[in-house]
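Asks: Place chain B on chain A using the hints.
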Amino acid sequence: MRLAVHRRGLAYVMLFLTAGAVLLGAGDAYAMRVATLVGTYAIAAIGFQLVFGRLGLLALSQGALFAIGAYALALSSVHWGWPPVLGLVLSVVVPALAGALVAVPIARLESHYVALATLGLAQLVLLAVTNLEVTGGANGLYGIPPLTVFGFDLSDSWRMLAVVWVAVAMALCVFAWATGAGRAGRLATLRDAPHAALALGLDPISNRLLAFTVAGALAGLAGGFQALGLGVVSPAVARFDVMITLLAIAVVGGRGSVWGAVTAAAILVPLPEVFRGLEQAYLLAYGVMLLAAVVALPTGIDGLVRRVLPDAPAPTPTPAAPKSRKISVLRVERVAKRFGGVQALDGAGFDARAGEVTGIIGANGSGKTTLLNIVTGLETADAGVVRLDAIPLLNHSPRARAGLGLARGFQHPEIPGGIDVLATVSVAATLGAGMAALERVGLAGRARVPATSLGPAERRRLDIARALAAGPTILLLDEPASGLGAGERADLAVLLCALAKSGMAVVVVEHGMDFLLPIADRLVCLDAGRVLAAGPTDAVCRDPAVIAAYLGTESAS
Amino acid sequence: MIEATVQLLATALALGSAYALTALGFVLIINAVGAVNFAHGDLVMAGGFVAVALSLLLPEGLPVPGLILLPAVLLTMAVGGAALAAVAYAPLRRSPPVSVFISTIAVGLILQHAISLGAGPQPRVGPSLVGDGLVDLLGAALSYQQLATIAVAAVLCLAVHTLLNRTRFGRQLRAAAQDPEMARACGIDLRITIGATFALAGALAGGAGLLLSNQYFVTPTDGAMFMLKAYVATVIGGWGRIWGAAVAALCIAVFEVLVAAAVSYLVAEMLLYLGVLALLMLRPQGLFGEAEGRRA
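In the order they appear, the protein sequences are chains A and B. Residues 635 to 1191 (our numbering) are what the first sequence spells out, left to right. Residues 320 to 615 (our numbering) are what the second sequence spells out, left to right.
Bound-form chain A, shown alone (with noise of 0.2 Å):
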């Protein structure tokens, strides 16, 4: 599986053997330079999609961490006479500890307030370094050494390329560690599913906290090895200009991919020197770059490259059964939840036993899926009890919760971009268990395509699969039937029952009665966020308040 995968990665990886033989070859030591500068581009760019192309956080703070860098090996070298290789360890660790001090504030904010919190920091790194006097204020640090190892002068210009290079696919090394062992299908899924994410108890706070320190560690070490190349640091390196070239390097590269980052600074980082005299023309053809690519290539150019050279794909494995936990019953007490005006639920309630179908109906509003919501975590109750068996849940963290065996379904399922369906599924599971889900939804022959191929109804499965692939004991699932065509209704409903007898206790939002009242054992009906009726599913069909609020009269035969 690895070499196919990496057939691309080795492509790219001849490409740019290539680029640096002919680069050699001309030995032209202003172009050495120049690759030297793409590479230091490089090593930030590859950190920053991690927060950005992998967790989808626009973090407008990587050039501040990139000026952090270059400021920590200039004040250690040239205030306090560090040598330049303990300087750059310096520019590593300070930005990689920022980083994770960005991380841990914005662990909870959405997408827009992260962009504002980030920007904030990065002015505020500029008018620091540019009004402090220890930082030099705005004419910067001068004389920085040169890069020396016991001795061995690193900084002519093809030793400084080859070093700031090796750094390059040592950052490659680091961000594969980073996304791997699972990592990257629940990166994605925190980016493009968030409210799956945390019903599948993905901790979003430590895998942000992971991403930013990477991050912070890349963008310190590219900062260092600017301030070493040009023996100066002055507080250009913390204008904005610096972030608008590592976001262009991200976009036109193709988001979370590190190999099209890598080429996308070949392409980019260059063009200051073709429009040199023309001040910062460069940063306009920036601008009609990122432009472009966000309209007209989304995927960037490693979508290109994947045009040409897709992935092959990869081999299903074995189907492994989860391991199975034993509950007895889900109880739910006198649930209350008011959202501002709205008192959507009102004392609340249902059991759901093992080995049984509860249906839960109720009209649009009547509180069906704030009741799930709060059941799972997703939202927090005003007042109320649940317990599953004797354990109390309300303040238990939804990870907890997973971890109990609480699993959900969503009405409207997100699917994450960028993994396949069996990444998708075994997320918060073995692939074995992924491969097993996908078979008991009868995807398992689409486990290799893209996830966000599937139509619809499969996508649906998809996800009722990445609910069960970790082994619930309450599988709770938000009107899975809409939307789908009568076969597959019939197979939803064949499942659910399969479910149920293999001791499972299945709890099932839905509207569609002639889906859920044969299979259903209980129902509770809801109305206007109280308990209208619950018991055996015959018992509440015949119940004269549901037929008249619900039902109606018609489908009560």
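These are computed hints drawn from the structure, not numbers from a lab. Hints may be right or wrong, so weigh each one.
Stated by the list, open to error - FRET-style restraints, in silico, Cβ to Cβ:
| id | chain 1 | residue 1 | chain 2 | residue 2 | range |
| --- | --- | --- | --- | --- | --- |
| 1 | B | Leu577 | A | Ala1024 | 57 to 65 Å |
| 2 | A | Pro780 | B | Met320 | 53 to 61 Å |
| 3 | A | Arg641 | B | Arg487 | 38 to 46 Å |
| 4 | A | Cys1131 | B | Arg602 | 45 to 53 Å |
| 5 | B | Ala405 | A | Pro780 | 47 to 55 Å |
| 6 | A | Thr1086 | B | Gly506 | 26 to 34 Å |
Glycine is no exception: its CB is placed at the ideal position from the N, C-alpha and C atoms.
Replies: Below, chain B alone, put in the same frame as chain A:
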């Protein structure tokens, strides 16, 4: 003492009214398309340059050059706003909002550097609204420009308020912003409401640019600063609340002017950004809460 206070307040209010116009357009776009317009500050800057360019065409010695040019600047920048929607929003309306963040960053970059290449990077002076002169108020000498700035901004705000609340078209804009699906189902053409919102936002930004260009000059690099102030005002005022943002923008200007007078502009800037970081950490829903109806 009292003269100095009146003087400072007039300065702050004049600056704040331009910020308020900027923030108003910024939030209108956020509400219409759910995305941040990073080019908004550059629209303000472009409005300033349009005013400068048009003022060169006017004969010398007109009594109220800025007021004469105001409609032309508003119109030009309304067209600019609509063009922004066509270029940076329309092709991306099915993409996640972050794509629009990026496309508007790109357009802002293009505006800034195209104007810098065309007009040069140095600051330019825009036309004064009603000529030069001073009014005495409680011993303080207030310039015609300051008073006219406040008056023009107030009239524009009132016009926006009337448009949004008293006209059928304004109700359509608000309906489309609040619930696009429902609005579409009611027969509202979202392309038109969104284009119109961008045009309105562009016109307001252009007006702010004209108002600022005389006293504060206009430089191609100014955009980012204006955008940041509007962004901060939006967070303080409560995400999605248009008048909350306008009032917050006014307060930011008062804060800035007072702190700059007492300590320095640098300290004012740093405190503003530190303040917004603290706010995002402690109360991300803003001081007054987010607008209703945007529950996830």
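Asks: Look at each hint and say if it fits the structure.
Replies: Hints, one by one, checked against the model:
1. For B/Leu577 and A/Ala1024, the hinted distance range of 57 to 65 Å is satisfied, since their beta carbons lie about 60 Å from each other.
2. Between A/Pro780 and B/Met320 the beta carbon distance is about 59 Å. The supplied range of 53 to 61 Å therefore holds.
3. Distance hint check for A/Arg641 and B/Arg487: the Cβ-Cβ separation is about 59 Å, which falls outside the suggested range of 38 to 46 Å.
4. Evaluation of the 45 to 53 Å hint for A/Cys1131 and B/Arg602 yields a pass: the beta carbon distance comes to about 48 Å.
5. For the hinted restraint 47 to 55 Å between B/Ala405 and A/Pro780, the CB-CB distance of approximately 52 Å keeps it satisfied.
6. At roughly 32 Å, the beta-carbon separation of A/Thr1086 and B/Gly506 lies within the given 26 to 34 Å, and the hint holds.
Violated hint: 3 only; the structure is consistent with all others.
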